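Protein chains in written order, with the numbering used here: chain C, 1 to 153; chain H, 1 to 1002; chain S, 1 to 257; chain R, 1 to 613.
Hints were generated in silico from the structure; no laboratory data involved.
Please note that the accuracy of each hint is not assured.
[What the hints assert, rightly or not] For lysine-lysine, the following DSSO-like pairs were computed, each having C-alpha atoms within a straight-line distance of at most 30 Å: (1) H:Lys986 x C:Lys118; (2) S:Lys205 x C:Lys142; (3) S:Lys205 x H:Lys557; (4) C:Lys129 x H:Lys132; (5) S:Lys211 x H:Lys132; (6) H:Lys497 x R:Lys562; (7) S:Lys206 x C:Lys129; (8) H:Lys152 x S:Lys176; (9) C:Lys132 x H:Lys284; (10) S:Lys206 x C:Lys142; (11) H:Lys152 x R:Lys470; (12) C:Lys135 x H:Lys557; (13) S:Lys211 x H:Lys201; (14) H:Lys557 x C:Lys129; (15) R:Lys463 x S:Lys169; (16) C:Lys129 x S:Lys205; (17) H:Lys628 x H:Lys761; (18) C:Lys129 x S:Lys248; (19) H:Lys152 x S:Lys152; (20) S:Lys248 x H:Lys209; (21) H:Lys152 x S:Lys169; (22) H:Lys330 x S:Lys206; (23) S:Lys206 x C:Lys132; (24) R:Lys485 x S:Lys114; (25) R:Lys26 x S:Lys127; (26) C:Lys135 x S:Lys248; (27) R:Lys463 x S:Lys176; (28) H:Lys175 x S:Lys169; (29) H:Lys242 x C:Lys132; (30) H:Lys209 x S:Lys250; (31) C:Lys135 x H:Lys132; (32) S:Lys205 x H:Lys132.
Please read all numbers here as calculations on a predicted model, not as lab measurements.
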Amino acid sequence: MTSTQVHAEEAEPAAEEEWQPKIVTFCCNWCSYAGADLAGVSRLQMPTNFRVIRTMCSARVDPEFVLRAFANGADGVLVLGCHPADCHYIGGNYRTRRRIALLRVLLEQYGFNPDRLKLEWVSASEGAKFQKTIKEFNELIKELGPNPINDEE
Amino acid sequence: MADKVGAVMVVGAGISGVQTALDLADSGFKVYLVEKKASIGGTMAQLDKTFPTNDCSMCIMAPKLVAVGRHQNVELITGAEVELIQGLPGDFTVTLKKNTLRVNEEKCTGCGECAISCPVETLDEYNQGMKKRKAIFVAYPQAVPLVFSIDKETCIGCGICAQECIAKAVEYERKDQALEVQVGAVILSPGFEEFDARLKKEYGYGEFKNVVTSIEFERMLSATGPFFGTVMRPSDGDIPRKVAFIQCVGSRDEKVGNPYCSSVCCMYAIKEAIIAGEHSPGLKPSIFFMDVRAFGKEFEDYRARAENEYGVKMYRGSRVASVEEDPETKNLSLRYSIGDETNTEEFDLVVLSVGMRPAEDGERLSKKLGFKLNKYGFCETDVYSPLNTSRPGIFVSGSFAAPKDIPTTVAEASGAVAKAAALISEARNTQVTVKEFVPEIDVVGQEPRIGVFVCHCGINIGGTVNVPSVVEYAKTLQGVVYAGENIFSCSSDTQEKVKEKIKEHSLNRVVVASCTPRTHEPLFQNTIREAGLNPYLFEMANIRDQCSWIHMHEPEKATKKSKDLVRMAVAKARLLEPLKKSKLGVLHSAVVIGGGLAGMTAALDIADQGYPVHLIEKEKYLGGNLIKIHHKEGDRKPKDFMNELVGKVRDSKNITVHLDSEVKEVGGFVGNFKVKTPDGEIDAGAIIVATGANEYKPSEYLYGQDKRVVTQLELEQQLDEKTLKAKQVVMIQCVGSRNEKTPYCSRICCSNAVKNAIDIKKASPTTGVYILHKDIRTYGFREDLYREAGDLGVSFLRFPEGTMPTIENKAGQLEVTAFDTVLKEDVMIRPDLLVLSAGITPNEGNEELAKMLKVPLSKDKFFLEAHMKLRPVDFATEGIFLAGAAHWPKFIDETIAQASGAATRAITIICKDFLETEGIIAAVNEMVCNGCGVCEPVCEYKAITIVKDPSNPDKLKAMVNEGLCKGCGTCVAACPSAAMEQKGFKDQQMYAIIDAALQEGK
Amino acid sequence: MSEFEPKIIIFLCNWCSYAGADLAGVSRYQYPTNARTVRVMCSTRVSPQIVLELLKDGADGVMVTGCHPGDCHYINGNYYTERRMEMAHRLLKLTGLESQRLRLDWVSASEGEKYAGVVTDFVKELKGLGPNPVHKDAKLASRLKAAVDASKNFRLKVLSSKEINLISKGNAYGEKINQQSVEGIMEQATEDEFKASLILQLTNKKSQSVKELAKELGEPTDRTIEHVVSLRSRNLLALDHIDGATPKYKAIVTGGA
Amino acid sequence: MSEDARVGVFVCHCGTNIGGCVDVPKVVEYAKTLPHVVFATSNLYTCAEDGLSSIRDSIKENNLNRVVVAACTPRTHAPLFQSTCEEAGLNKYLFTFVNIREQCSWVHMKEKDSATEKAKELIKMGVARVELLEPQEEVQIEVIPSAVVIGGGVAGMAAAISLADQGFPVRLVEREKELGGFVRNLGYIWQERREAVGALSSMIRRVKNHRNINLYLDSEVVAAEGFIGNYEIVIDTHGEQKKDKVGVIVVATGALEYIPEGLYGYEQYDNVITLTEFEILAKNKKLPKLSSLAFIQCVGSRGQDKSYCSRICCNVTLKNAMNLADNWKNMLGLEEAGKVVESIPVEKAIPAEIAERRRGRMGRRDREAGEKDEAEVAPTRLDIAVFNRDIMSYGIEHELTYNKTKEKKVRFIRYTPQNRPKVSHEGDKLVIDYWHDTMQMQMKMMVDMIVLATPLVAQPDAKEISRMLKVPLGQEGFFLEAHVKLRPVDFATDGIYVCGTCKGPADIPEAVAQGMAAASRAAIPLARGYVQPESLVAFVDSDVCSGCGTCIEICPYNAIRKNAEGVAEITVAACKGCGNCGASCPKNAIIMNHYTDNQILAEARAALQAVNG
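Please take these sequences and the hints and turn them into a complete structure.
Below, the structure written as structure tokens:
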């Protein structure tokens, strides 16, 4: 079944444009970005509503970036890094683990659902895991609904 | 003498060949990397994980493959075989036969459309036949070079792939080519062949579906394998509960002609057991060992964690007689025996740990190129020159010489470079090309004039994303003065077009929307640099791997997402600044700490290549531990070899020896070290640590109190001086090793003990010799010693892991009692000589030297290298290298190989005039930084130091050492006052991208 | 209830067999009324998916007629018809429905009598076979649906379309391929693609294990695993969940979300 | 289905042919119940004028947009009813014909009830199909009124002259520096015993100064793209590439003589020559003085090397044998050069009945001419033998010559492929060692010269022309015509024609005849000025097509090519609508106009629905 032929059958979008969450995904250049590429090479289909931002290491993701993303209306933020001990810069991902854990506590104190921020390890050969992470996080955010900041404006 | 050719041919592009090629290219030699298959990577590319670090094999190997694939000094010749080598060392003419891939390598972009349309399938060798591949194929998605090839047997010539290929790269009639190449030296690394498990009929491989080989199991574990990483029984696809690993299949087995031990199977079986457990919780692996040979660095505690933490059941001293299959359930029942007690156990899946056979074309190469093979078909080498073949000018590395694991292979790969480089060092840099660039345009202060190039990538992007509408959208973005589309942006003609557009619209920023920056960023950076633009004024938007390919069924959303990704890239591009790669001078000299076998070998290798070396030795004499060794290796005594080495060191004009002197302090950084010694300060570009290790001085078993208790070295002395008179000799293994205090295995004691036992039996056959042991770890070809000892009547007694033998002095008569795991009862022997196999302990001085060099120690207090597998002789801190027993106990030939490896690695630094620092590094904004010091401990590379601000002394500030900074950005995120910036990923630039991502595009 | 009267669809090629049928009429040859004829310009127009679709819809028999090889008004049309009907027969055998329900016959414009004879014989044969059980046998229905899907498969259509030229004119290397080896490849490819389509059919609504699929496909489980592996690598089947020790697979409904 | 279908059904009685068996009124009633059927009626003879007018009127009255006629066979009557629909303003493709006579009433005479049921169902199927039909426009494609003839031999010249005479400009492209082709080698051509050169020169003169022919000598056609009526060709005249546009192409590239290496001592002995070499010697009057001569037939043909019989060698041999026997125009070199002996009287009369038999067979020849010939015959001083397997002197004149040569004492010695004559030499004499069948013994014959009758073989570069024009090569490299019997001078691809020895051995009259035939076939599209292909053509959905090229290989009419975007595109003029590409397309991207899958399935399924209600 050719892809476009199938596409023709369900071309018309869902009845009214169902709300699609906006997700920002930070990927480290050496492992999770490579995992995302492998998902592409293996043509693993996944929802389109996430935007990848590349940093050299997951430890470069400043908590401030996460907060700014939420402030700009992101409904969910995913931070992906190398598996512990895989880090190209030896120990970067240990720091990331501690920073994100601390940040989630901070978010909770401000009444912002910490589940909107998720840390996950994806190695360069785990294309399928990248797909699974994106799909599951997308479902989770759909359940949590839009970022409360949006309806304040 | 004919002048030397500054080029080397490396035959075989597995991990060994790739490492050799990279080191040669970085040492200023042209490399011809010849590979039989269509893509490089060898067996390691098939592995899922590697021991002992459980790294994902592809993650750590892919960067090396990409680097060698793109290195300007390396010419990759795939699908080729060496036919003939003529001429003299230093000036060889090599004839190659390059088998046609029937695809034009220059034109093929690796997009894969041809494979999708090919109608015929065959078994996929890369996946050991557990999956199908098409007649036109590439080995695996990350293959380097990413070029498809046609397998003529399977192909029926229907012509579909040529029609579908947009790049018109398929050429059915493309002929084989004969090539002639001029090189100075040849390094052989054709790897090994897997033992054919079918030859062991009793295990039923090929007949019973659920009996698989270890390499097939490795593919099952891999995420890119047939079962996407889930372990399944090939018979019915269920997840196996109980998995059995049978060791020594085709190793330590005279019947099949492989009496040697393949050295790696115990470890990879343990690894596969651990990973299988991780993939399917509740899976219970059991391994049937004869001996658990976990002798390498960190191997022993990897084995211990497997047994205790991961619940891997280990049957020691076991022999599996046969495997039977239950026709109904397809389960397998193993009949095995330990000692004389046999029983059977049923398993869901059986993995045969197949050993290593010599490389398949080893026979052909040895005939054609005229070098000798040893009796097992591996390449014959000598203990004292482990990297030379019998033909001068042709060297060997990796498992073609003997079965060995990846860390040893990588060390040897660098070692072989030293041997080859020494032969042709005067021709260094004669054949390498240095790129000349046009002067760089100064764009500082200019308004951003951004050019956006959107790629179709054939139909890979264009088939889903509406490229023209993305181009139109790009034109509307602020700062964009040109936007256009190409069919293949990475093709050479499009590079020219990009340069023209840069000139035509005087662009000062370039954004390319196509595939992944990981593989293509350097290509475009190089192109804009050739047009005079600083390479860092460039940003990519990945609209193929991370958009069109993963949203194939939603073209409108994929097109909208592509517009967003372009908007984000343009947002960052506006704020990009030119970055300079600063140049640091390099001193063309080296310091070697430690004058033992390792130190002297390394020093000589560096000196032979014409670089001055300072050899610093603590003692008053050179030689280190070699002096204490009396037995013979082959027909030469280590002592005689040592004297020969010392002579060479003395005569060499490039080596200055500093005896009775210790390193006091080490300053500076890679290329500019300052080493303080009692004889004054030495400047050097690189340092090699070869401080060796000591024999463990036992305190147990009445050693020191009763002269009838000696160590193996002391026994060797008695044997040498023929003063041995004992009638009943007992040896105890693992004294001072593999216990709570020193959990590691010292690797060499088993072989030494067995060798000494043989010497005793030869000297007086009637003497009774008993060896009490946990596992006998005579790995590799040393397995012959174990068999010879058995034949000569030496008796071996295995005592349990936890309970060492005990000793009593009953009225002057020594009594040794040990629990015999076979007879399952205590056995008491009365020796008139007790020999303790004492292990090897690290130098006390390691702690202190490590602090000076700012290098880490492993938990067993040996020095910790940068990466156990792929950088075994480098320290994490650049410019400092490691060899010999200081790294881990090892045999003479392993020490020599590793020392040569360290020498090569050092030369890759000191042979350069300058070192370029990373462009993307941290930079301190001095006005804002108050020297709080949060960033200093965060840096793994110790690149940050807190210093006094020169402008006002009482204020502190952080200073970044550009030589050491790797640009990870950890410190930048940690800095509380945002004083620390990461060039290329500045906060402002990141904010711009985040805002652009969440801004609603039109 | 009157005796079973099979319903037969007969495809007549405009230039030869339609004229043959007319000649039977002009010569007043009598034959049973069960045939329902459809005129096409050339027999080659009738693709395997059309004949299999009709058998799935309950036709008791389908016959494709055309000019004798060499007589085709469109020169090589009927050679391809022959190959196509071979593929259709291969797929039909795999579904379990009697393959005699599909017939290919050459009827020239002058063979009126032969046409009448062929129709009569086909009716007699079908009466022996009895009615097409597809409406009462859900399993057979899904197998026929799988056969229809397989007949539209890219691989099978390429192989069956290229077979003639590969054998007669030679391939891209200028070599002529021998009939047996192409036949072997076709045989294997047809079986693989049929079973793949059937697996996708069976796992469309409910996830299935390898054992369950093997029972349906009537083959040993290790052969079924090969199909599952190939479908997963072609991204058409996904591991849904693991039930105890048994993985369960589900067809991937193509669509981004 | 653009607007809602309004179907009219017209059931025909055809006198009693249908009505006598099928209950027509009941069928009409049933038709009315079918969905979308708004009008149904019956006629005694629908094909008669009142039937046709009833269709025209009811289309207008009920503004029908679909018509089903249930009557006899579409093969004969469909065009008639379709043009009636057109007259009523309905697109003729919105029409379906249901055959309830030849394929229903006539063949189910004894089962009236089930025949009526069948008729109902056939109409139900017809209605189901007609609902899905779409109007089609038949597009007219203009034909460029000019032609190119490749090859300037007798066949090519004949074609060129005949086309030019009809007023069409012709480009005649000849590879050599002069016209004439193979015939230039020949000495005397048979019939009027005229010199070949003479016969040729009149033809060449007509070509050279014909205002409608521009002649390209020492030139070749190197490229030809396009389809019937619109070929873009490139003519390479001694290095310079000239582009041109023509409507049709005639291939007349001729054939070559077979060189019998290693057969019967050819090249070993200098007096062993081929038939063509003999003709050249005869033409240039260089034949040596001979006392004895032997012809050997079927040298290199009929299985010795080539598989076919070359058709003309026997007749050329017979002609030469007769001329030699008569020493025609003293073609044999006499001792006293210059003494021309016109003719030598016959010594004795020919037995009556042989003369009678010969005169009778002279056919249209008048009696006197018959007698006159005998007179010219000279006594045979030359000993001639013809070693042969069979003498292929087909037709009237050739058989006559065969008899004459026998009269002139030419000896015909039969040999079999199992033991062919062997050639060796003694002194300066050639020796033929052969098996004499009647005497059942090996015999020897001494001769001065041996002439080997070798076959005509295909031009070695025929492959290039075949690849350029995409026309097939048949057996042994000769061009393969569309149908050996019914379309002998057409290629399967419309607009390209073939004549002369390039499609098989032929003698001069046959080659000329084929040239003229090709010219007349080529003139049809040129004369009409346009081609109007039926719009039963294929259509490629360019979004689905991935450019795999399978259809291009399959189409016998070369009607599909790849466009700029790399996807397949149908050349409407060339497509015949057979549907092969449609059924073969691996991506199911090709739709057959007027015979789409849905239309076929709808028609067939209509029959099945009735089965299960």
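Here is what the structure says about each hint:
Between the alpha carbons of H:Lys986 and C:Lys118 the distance comes to roughly 24 Å, so the proposed pair stays at or under 30 Å and holds. For the hint pairing S:Lys205 with C:Lys142, the CA-to-CA distance comes to about 24 Å; that is within 30 Å, so the pair holds. For the proposed pair S:Lys205 and H:Lys557, the alpha carbon gap of about 27 Å is at most 30 Å, so the pair holds. Only pairs whose Cα atoms come within 30 Å are accepted, and C:Lys129 paired with H:Lys132 is accepted, the gap being roughly 23 Å.
Proposed proximity of S:Lys211 and H:Lys132 is supported: the alpha carbons are some 21 Å apart, at most 30 Å. A C-alpha spacing of about 27 Å is found between H:Lys497 and R:Lys562, which places the hinted pair at or below 30 Å, so the restraint holds. Straight-line distance between C-alpha atoms of S:Lys206 and C:Lys129 comes to about 24 Å, which keeps the hinted pair within the 30 Å bound. Of the pairs offered as hints, the one joining H:Lys152 and S:Lys176 holds, with about 14 Å between alpha carbons and a cut-off of 30 Å not exceeded.
Under the criterion of a C-alpha separation no larger than 30 Å, the hint pairing C:Lys132 with H:Lys284 is consistent with the structure, at around 27 Å. A C-alpha spacing of about 25 Å is found between S:Lys206 and C:Lys142, which places the hinted pair at or below 30 Å, so the restraint holds. At roughly 28 Å between alpha-carbon atoms, H:Lys152 and R:Lys470 fall within 30 Å of each other, so this suggested pair holds. For the hint pairing C:Lys135 with H:Lys557, the CA-to-CA distance comes to about 16 Å; that is within 30 Å, so the pair holds.
Distance check on the hinted pair: S:Lys211 and H:Lys201 sit about 29 Å apart at the alpha-carbon level, within 30 Å; holds. Between H:Lys557 and C:Lys129 the CA atoms are separated by roughly 23 Å; this keeps the pair inside 30 Å, and the hint holds. A C-alpha spacing of about 14 Å is found between R:Lys463 and S:Lys169, which places the hinted pair at or below 30 Å, so the restraint holds. About 24 Å separates the Cα atoms of C:Lys129 and S:Lys205, which keeps this hinted pair within 30 Å; it holds.
Pair hint H:Lys628 plus H:Lys761 holds up; C-alpha atoms about 22 Å apart against a cutoff of 30 Å. The suggested pairing of C:Lys129 with S:Lys248 holds, with an alpha-carbon distance near 18 Å, which does not exceed 30 Å. Simply put, H:Lys152 and S:Lys152 have alpha-carbon atoms about 27 Å apart, close enough for the 30 Å limit, and the pair holds. Taking the CA atoms of S:Lys248 and H:Lys209, the gap is about 20 Å. The hint holds against a cut of 30 Å.
For the given pair, H:Lys152 sits about 19 Å from S:Lys169 by alpha-carbon distance, which is consistent with the 30 Å threshold. Among the hinted pairs, H:Lys330 with S:Lys206 is consistent with the structure: their alpha-carbon atoms are about 27 Å apart, no more than 30 Å. This hinted pair checks out: S:Lys206 and C:Lys132 have alpha carbons roughly 21 Å apart, not beyond 30 Å. A C-alpha spacing of about 25 Å is found between R:Lys485 and S:Lys114, which places the hinted pair at or below 30 Å, so the restraint holds.
Annotation: proposed proximity of R:Lys26 to S:Lys127 holds, straight-line Cα distance about 29 Å (limit 30 Å). Taking the CA atoms of C:Lys135 and S:Lys248, the gap is near 19 Å; set against the 30 Å cutoff, the hint holds. Note on R:Lys463 and S:Lys176: the hinted pairing holds, with a Cα-Cα distance of about 18 Å set against a maximum of 30 Å. Using a Cα cut-off of 30 Å, the hinted pair H:Lys175 and S:Lys169 holds, with the two alpha carbons roughly 22 Å apart.
Between H:Lys242 and C:Lys132 the alpha-carbon distance is near 28 Å, which keeps this suggested pair within the 30 Å criterion. Under the criterion of a C-alpha separation no larger than 30 Å, the hint pairing H:Lys209 with S:Lys250 is consistent with the structure, at around 25 Å. This hinted pair checks out: C:Lys135 and H:Lys132 have alpha carbons roughly 28 Å apart, not beyond 30 Å. Our distance criterion of 30 Å between C-alpha atoms is met by S:Lys205 and H:Lys132, whose separation comes to about 27 Å.
Comparing the model with each numbered hint stated earlier shows that all of them hold.
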